[in-house]
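For the record, the sequence lines run as chains A and B.
Following the numbering used here, the numbering of the first sequence begins with 283 at its first residue and continues without gaps.
Following the numbering used here, the numbering of the second sequence begins with 283 at its first residue and continues without gaps.
Treat the hints loosely; a few may be bogus.
Intra- or inter-copy, both count: the list cannot distinguish identical chains.
In silico PhoX-like pairs for lysine-lysine, Cα to Cα no more than 25 angstroms straight-line [claimed, not checked]: (1) Lys734 - Lys759; (2) Lys469 - Lys734; (3) Lys535 - Lys794; (4) Lys540 - Lys633; (5) Lys630 - Lys745; (6) Lys293 - Lys535; (7) Lys430 - Lys677; (8) Lys633 - Lys430; (9) Lys745 - Lys343; (10) Lys762 - Lys540; (11) Lys430 - Lys392; (12) Lys388 - Lys293; (13) Lys745 - Lys535; (14) Lys373 - Lys398; (15) Lys398 - Lys596; (16) Lys388 - Lys373; (17) Lys398 - Lys630; (18) Lys392 - Lys535; (19) Lys535 - Lys734; (20) Lys430 - Lys388; (21) Lys430 - Lys630; (22) Lys388 - Lys398; (23) Lys753 - Lys293; (24) Lys745 - Lys762; (25) Lys540 - Lys469.
Note that these hints are calculated values from the structure, not bench results.
2 protein chains.
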Amino acid sequence: MSNIRHALSVKREDDFAAWYQSVISEAEMAEESGVRGCMVIRPWGYGIWERIQRLLDDRIKVTGHDNAYFPIFIPLANFEREAEHVEGFAKEMAVVTHHRLVADGKGGLKPDPEAKLEEPLIVRPTSETIIGDAMARWVRSWRDLPLKLNQWANVVRWEMRTRMFLRTSEFLWQEGHTAHADEAEAKEHTLRMLEVYRACAEEDLAMPVVAGEKPENERFPGAVETWSIEAMMQDGKALQAGTSHYLGTNFSKAANIKYQDREGGEQLCHTTSWGVSTRMIGGVIMTHGDDDGLRVPPRIAPHQVVILPMLRDKPEDAALIDYCEELRASLIREQALGEPIRVLLDTKPGKAAAKRWDWVRKGAPVIIEVGGRDMENGVVSLLRRDDLWNLDNGKPAFQTPSREEAASGMAAMLEDIQNTLFTQARERRDANIRRDITTLDGLRAFFSADAKFPGWAEVEWSKPTGEALEKVVEQLKEMKLTVRNVPMDDAGATGTCIFTGEPAAEKIYVAKAY
Amino acid sequence: MSNIRHALSVKREDDFAAWYQSVISEAEMAEESGVRGCMVIRPWGYGIWERIQRLLDDRIKVTGHDNAYFPIFIPLANFEREAEHVEGFAKEMAVVTHHRLVADGKGGLKPDPEAKLEEPLIVRPTSETIIGDAMARWVRSWRDLPLKLNQWANVVRWEMRTRMFLRTSEFLWQEGHTAHADEAEAKEHTLRMLEVYRACAEEDLAMPVVAGEKPENERFPGAVETWSIEAMMQDGKALQAGTSHYLGTNFSKAANIKYQDREGGEQLCHTTSWGVSTRMIGGVIMTHGDDDGLRVPPRIAPHQVVILPMLRDKPEDAALIDYCEELRASLIREQALGEPIRVLLDTKPGKAAAKRWDWVRKGAPVIIEVGGRDMENGVVSLLRRDDLWNLDNGKPAFQTPSREEAASGMAAMLEDIQNTLFTQARERRDANIRRDITTLDGLRAFFSADAKFPGWAEVEWSKPTGEALEKVVEQLKEMKLTVRNVPMDDAGATGTCIFTGEPAAEKIYVAKAY
């Protein structure tokens, strides 16, 4: 195996953070824009986002939500109102103060002092308050409930330290907001949307997650309950990949979202909100990437199969392209994973080997090379991105099915790749969760500085609140750890709390996190 | 016909502008947001935009473009550079100057003076310059060309007078940007994308358009050629519904977009850009709306068929819902206009008649009501939105096919509605174009103040330039007219220019415009 020459120059085990940046750059997913904290999402990265968007949007629509669009600017007054109702909301936001540029007299431009806004506008960090205003207008009676809205949009939070996809000042996301007549229905809906996220992460992104409730100290400001899905990255850290909040009547009080019940009485609505963002793409990279670049799960791959004719800039090329075109035509008639197979016939000028490695780094699930000899023999040279190397000779593990077999077997192959990526990730995660730690010292040892990629610990705690919880949070912080969540499928605690020594109330996941 | 009681209180012929606002509000398409110049796009309006987006996106992808995403903020310096290269670019933009809020000491919030940006950021009015920067990074050699990018995003232009969908400070759009090795290819591509817009407008939106070139004075600042599609609204005014620009090397000079040619020499790229926006929804309203509200062409209708069981809040409702559910199940198995039929079974509480009129105002193409008696007889009560009234008795023109006929005939019915809307609009447009005006007085009379909804005039002109053109523009301006475009299918001019008296060079469309 030592003779394998991997496609990236940085390996995961040598420098995980540098490897992550290298995948993003080598797979041409995104790049710095020159604007602080904002990235350019390049076509391959954006194509993956479009796939995630479409699959998740279908799931959100099936659960009865309509998409709508709300203004990018939010009046300052909305945040003043929120500051009254919600403690600890972040104030790092982009503030618009002028509406015109004017020549500065030195050959440049400046904000026109004559065009200063009377009230500054905020570029939305979330649309919570402005959607709340709309809900207050739209909800009149119990007949209007539940009101289920979703928005796909860009939002801006001024971040000091940014990392592409994981934390950027501008990011793309969806935010769902619903209003319900009562607590039970709103709570049920909070969990229903959490389940939508779990299914999307596991079935579409092939990214195993733990769904559970966040502890009190990790709740979204203003939420009564915050739930999350947490995924384990290959460096053992946790990535919070999506959250769903039950907001009680806190936001409906602030925004005045009321309805007339069947008896004619006035009631506050119970609201929920939930969101996932382009951060999920960071999760895909750190779940499925390897030392050759990205591996994109077929369901979210913009192109599932890339066909590369080995062109030589000669008249024979035409026949080769025809041969490949016929393969493409057969493939797109097939369905895989419930949709027509997405195929790119890449005839861009360039050396065949260079193009192959470009697609390896980008992580196209299946790469099919076709040369003159393949054509003569009626076959193709096929590479599975999830099974790239022949470990015996350190060379790419080409298969050479007939062209017809390649077409007829493709649906099953793509389904197998999707399953393989999920299974690999789940097995790796499960192998990296320690469940036998019962003391704080044990926890400290597991996460000690020389433990490489330690993973997660599932421990029991007494579910402390208030000051007792603050103390636990402080202890964990010293180890650079956080409580990720209380898993829903928790079998129940039986021992003692590793923090307080009291009888344990539940199991929690503890980890370093992004 | 006088006994028809239309669903809207304002009629087109009485007050077209008020009627337009009334459709938007009664069909629950959009509303004021409370943020100056920004609207909330409500689910029905946004659903129509999602349909347009998906259909147009498919067309844009078929022509070889990839979607990407660029930052919402653009450094001031980019506009300083553009101001040097491009005369007359607009300076009404939202300017971000701070990145944090802080308590103002009076219970409110204010921009934190400590968090003033060193260089202001501009909320993109278009992404021309920042995409230009990316192209300059991505294009190295002729092998990288053509580079074909597209972006779906929100943009902001500070507008003083706004009108929903037609002119708002924030709007949603797509902007395509391409770089080519030479002029011929870039010009060809400019027209190819114009044709994509024409096809989308006519085939998807059922909105007939005239494709043609804009005169010199109407060119996008910095463009060598600007082409447009123009649609006639029911008040006779023109709506520019999309533009496609050949930019020569003007933008590649400014952004330094160069490539190495096959001989190793350095060349400037020839670039194009083109865009359509949520403005198109305004076009759909003013093309297809009537005195009962909107009529949505089936291709872009979020729901093509709405089934309304006449529920009575009694146990019998269950059987009625089952009967309707079976109809829905049959319908969604059918394909119409190349896609599975989109059906809503609306079981929301409320009076059946009120719900019917809600869907009439929203313009769902087919509304199917089902009452207990319909169920007993195995039939349904079906309304075509494009053929709403029985003119003999002034009542809704219900058809009563069997449930099976309703399902099996739906694809053909939807296709017929799509065609009918297009044909009606085209016939109305053609009837409202005057082609026999040969004098300025004739033009003045046609567009005189007491001419109601006069339509367009196709006249011949000598294609003046420079000062001569300025004079023509001034003459037209006095009549509140503009040159819309020089139609591509122009048969050639044969007479004299109505402005200069010189021999005519080409035909132009002259109209009042939005």
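Here is what the structure says about each hint:
no. : hint            : result
1   : Lys734 - Lys759 : within (19 angstroms within a copy, 74 angstroms between copies)
2   : Lys469 - Lys734 : neither (39 angstroms within a copy, 57 angstroms between copies)
3   : Lys535 - Lys794 : neither (36 angstroms within a copy, 49 angstroms between copies)
4   : Lys540 - Lys633 : between (65 angstroms within a copy, 22 angstroms between copies)
5   : Lys630 - Lys745 : neither (59 angstroms within a copy, 42 angstroms between copies)
6   : Lys293 - Lys535 : neither (52 angstroms within a copy, 40 angstroms between copies)
7   : Lys430 - Lys677 : neither (53 angstroms within a copy, 35 angstroms between copies)
8   : Lys633 - Lys430 : between (52 angstroms within a copy, 21 angstroms between copies)
9   : Lys745 - Lys343 : neither (36 angstroms within a copy, 53 angstroms between copies)
10  : Lys762 - Lys540 : neither (43 angstroms within a copy, 48 angstroms between copies)
11  : Lys430 - Lys392 : neither (43 angstroms within a copy, 33 angstroms between copies)
12  : Lys388 - Lys293 : neither (50 angstroms within a copy, 55 angstroms between copies)
13  : Lys745 - Lys535 : neither (29 angstroms within a copy, 64 angstroms between copies)
14  : Lys373 - Lys398 : both (21 angstroms within a copy, 14 angstroms between copies)
15  : Lys398 - Lys596 : neither (63 angstroms within a copy, 60 angstroms between copies)
16  : Lys388 - Lys373 : between (34 angstroms within a copy, 17 angstroms between copies)
17  : Lys398 - Lys630 : neither (50 angstroms within a copy, 47 angstroms between copies)
18  : Lys392 - Lys535 : between (41 angstroms within a copy, 24 angstroms between copies)
19  : Lys535 - Lys734 : neither (48 angstroms within a copy, 51 angstroms between copies)
20  : Lys430 - Lys388 : neither (52 angstroms within a copy, 37 angstroms between copies)
21  : Lys430 - Lys630 : between (45 angstroms within a copy, 13 angstroms between copies)
22  : Lys388 - Lys398 : both (21 angstroms within a copy, 21 angstroms between copies)
23  : Lys753 - Lys293 : neither (38 angstroms within a copy, 69 angstroms between copies)
24  : Lys745 - Lys762 : within (20 angstroms within a copy, 73 angstroms between copies)
25  : Lys540 - Lys469 : within (18 angstroms within a copy, 57 angstroms between copies)
Of the numbered hints given earlier, the model fails hints 2, 3, 5, 6, 7, 9, 10, 11, 12, 13, 15, 17, 19, 20 and 23; all others are met.
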